[in-house]
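**Student:** Residue numbers (this note's numbering), protein chains in the order written: chain A, 1 to 242; chain B, 243 to 460.
None of these hints come from the bench; they were simulated from the model. Ideal Cβ positions, reconstructed from N, Cα and C, are used throughout, including at glycine. Keep in mind that a hint or two might mislead.
Pulled a few chain A residues facing chain B out of the computed Cβ check, cut under 10 Å [claimed, not checked]:
id, residue
1, Leu77
2, Leu80
3, His84
4, Asp124
5, Leu131
6, Ile132
7, Ala146
8, Leu160
9, Val163
10, Gly164
11, Val166
12, Phe167
13, Leu170
14, Tyr173
15, Leu220
16, Glu226
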Amino acid sequence: MSMWEYANPKRFMGWTRPVLPWTFGLAGVCLAIGLVWGFFFTPDDFRQGSTVKIIYLHVPSALMAINAWIMMLVASLIWLVRRHHVSALAARAAAPVGVVFTLIALFTGGIWGQPMWGTYWAWDPRLTSFLILFLFYLGYIALWEAIEDPDTAADLTSVLCMVGSVFAILSRYAVLFWNQGLHQGASLSLDKEENISDVFWFPLLVCIAGFVLLFIALVLMRTRTEIRARRIRALEARARRA
Amino acid sequence: MIALLLRDLRLAVRAGGGFGLGLAFFLIVVVLVPFGVGPETELLSRIAPGILWVASLLAALLSLDRIFALDYEDGSLALLATSPLPMEGAAMMKALAHWITTGLPLTMAAPALGFLLSLAPEAYAYLLISLLIGTPALSMIGTFGAALTVGLRRGGLLLSLLVLPLYVPTLIFGAEAVRRGADGLDPSGALILMAGITAGSFALLPFATAAVLRINLR
Chain A
1 MSMWEYANPK RFMGWTRPVL PWTFGLAGVC LAIGLVWGFF FTPDDFRQGS TVKIIYLHVP
61 SALMAINAWI MMLVASLIWL VRRHHVSALA ARAAAPVGVV FTLIALFTGG IWGQPMWGTY
121 WAWDPRLTSF LILFLFYLGY IALWEAIEDP DTAADLTSVL CMVGSVFAIL SRYAVLFWNQ
181 GLHQGASLSL DKEENISDVF WFPLLVCIAG FVLLFIALVL MRTRTEIRAR RIRALEARAR
241 RA
Chain B
243 MIALLLRDLR LAVRAGGGFG LGLAFFLIVV VLVPFGVGPE TELLSRIAPG ILWVASLLAA
303 LLSLDRIFAL DYEDGSLALL ATSPLPMEGA AMMKALAHWI TTGLPLTMAA PALGFLLSLA
363 PEAYAYLLIS LLIGTPALSM IGTFGAALTV GLRRGGLLLS LLVLPLYVPT LIFGAEAVRR
423 GADGLDPSGA LILMAGITAG SFALLPFATA AVLRINLR
């Protein structure tokens, strides 16, 4: 049995039903532990004071905003190559979740930027590329909504997703490309000497795990909704014909 | 390919509109700005590079939906798809025709409008060069957007939502080159990056455009 059999809609509905509550539960536990640990049981940074704690929302959501697009890219490629409907629907389901993560990252970044940089917004390459990523998410969703035929919509949005991934990758590496911006460089790499200190690092890891699990859970749930919506549409079409 | 290019050019010229309309729009936008921000010369000359670039970008956007819409309606796009010319080539020729009918006139007209905004004298050469290098990218990216939305009845707004974010890098580097030219700095870095965007979009986007057109013609 190959892994592709799990992409059969019926099978997908079957195995996600028991998995879904567990992912939601684990995400909730991770987020609760990570956020409470981060907010109440870590010391204030010696220069940033307590504002450093917004990192527990900002970094995981920014990370997931980019990874959501990458996940959509992979799902779109699977749809274009193997034409599994569940894959196209998963890409569609992930887009609104990605928008929300992008918004959270932008807002928390602004709230963090006000006391630290003295401004909510600056036209820094990192911030700008993130804003463009946000606009791209909106365009992607709008294109899905605008086209009636589901297969055409899936094809067109897949191509758009591939073109748009230029920006997802650009925002991922913008920190490394441009040094002149306000946004600080990467401080979480696994292979670097200069990371943030362990006191902040461990709760942050738990938060990131929580956001990843939350993303998976939301996408699974939304994909299940999309499958059900499509079944209803098929049933209605059949009823109309009969 | 040449025949297709000539046909598109002839259609654009004979139908009127497309040709002059983009230019007139460019003129209007540039003229509106001094009314909006006030006529102080120093202020205008400082923001002139950005305004000229934003205006030319909007003017290019205006005529995008014509690239495929008429051919899609009267069926000549389907004929193109069955012709021996590969769809990628057709897409590239469409973009080229769009550039010749909008990008090139915009580039030619931009220095004249620079006077209106009292652009710094050193910047005119760089304005011409940057528009000359940058507008082909606008046409190619726009052709991809037009191909995406060709099957939609009201694709115009969606088209701008899809295309404008893709225009941002070209805009940044284009305006940056002119601004550096106006300040007497060396703008070659921005120009080279913009040339890279243009070359990259012409190398990759014809394939995406052709794929999207095939899907829309299915």
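**Student:** Taking the hints in turn, state whether each one holds.
**Tutor:** Checked hints:
Of the supplied interface hints, the one on leucine 77 (chain A) is violated, with its beta-carbon coming no nearer than about 13 Å to a beta-carbon of chain B, more than 10 Å. Satisfaction of the interface hint for leucine 80 (chain A) is found here, the shortest Cβ-Cβ separation to chain B being roughly 9 Å, below the 10 Å cut-off. Evaluation of the histidine 84 (chain A) hint against chain B yields a violated restraint, the C-beta minimum of about 17 Å exceeding 10 Å. Interface restraint check: aspartate 124 (chain A) against chain B, minimum CB-CB distance 12 Å, threshold 10 Å, status violated.
The interface hint given for leucine 131 (chain A) holds, since its Cβ lies 9 Å from the closest Cβ of chain B, which is under the 10 Å cut-off. Look at isoleucine 132 (chain A): its Cβ gets to within about 5 Å of chain B, closer than 10 Å, so that hint holds up. Because the beta carbon of alanine 146 (chain A) sits about 5 Å from the nearest beta carbon in chain B, less than 10 Å, this interface hint is met. With a cut of 10 Å, the hint placing leucine 160 (chain A) at the interface with chain B holds, because the nearest CB-to-CB distance is about 6 Å.
Checking valine 163 (chain A) against chain B: minimum C-beta separation of about 6 Å stays under 10 Å; hint holds. Taken as an interface hint, glycine 164 (chain A) checks out: its beta carbon lies about 8 Å from the nearest beta carbon of chain B, inside 10 Å. Because the beta carbon of valine 166 (chain A) sits about 8 Å from the nearest beta carbon in chain B, less than 10 Å, this interface hint is met. Evaluation of the phenylalanine 167 (chain A) hint against chain B yields a held restraint, the C-beta minimum of about 7 Å falling below 10 Å.
For leucine 170 (chain A), the interface hint holds, the least distance from its beta-carbon to any beta-carbon of chain B being 8 Å, beneath 10 Å. Hint on tyrosine 173 (chain A) is violated. Least Cβ distance to chain B is approximately 14 Å, over the 10 Å limit. The beta carbon of leucine 220 (chain A) comes no nearer than 28 Å to any beta carbon in chain B, farther than 10 Å, and the hint placing it at the interface is violated. Checking glutamate 226 (chain A) against chain B: minimum C-beta separation of about 20 Å lies over 10 Å; hint violated.
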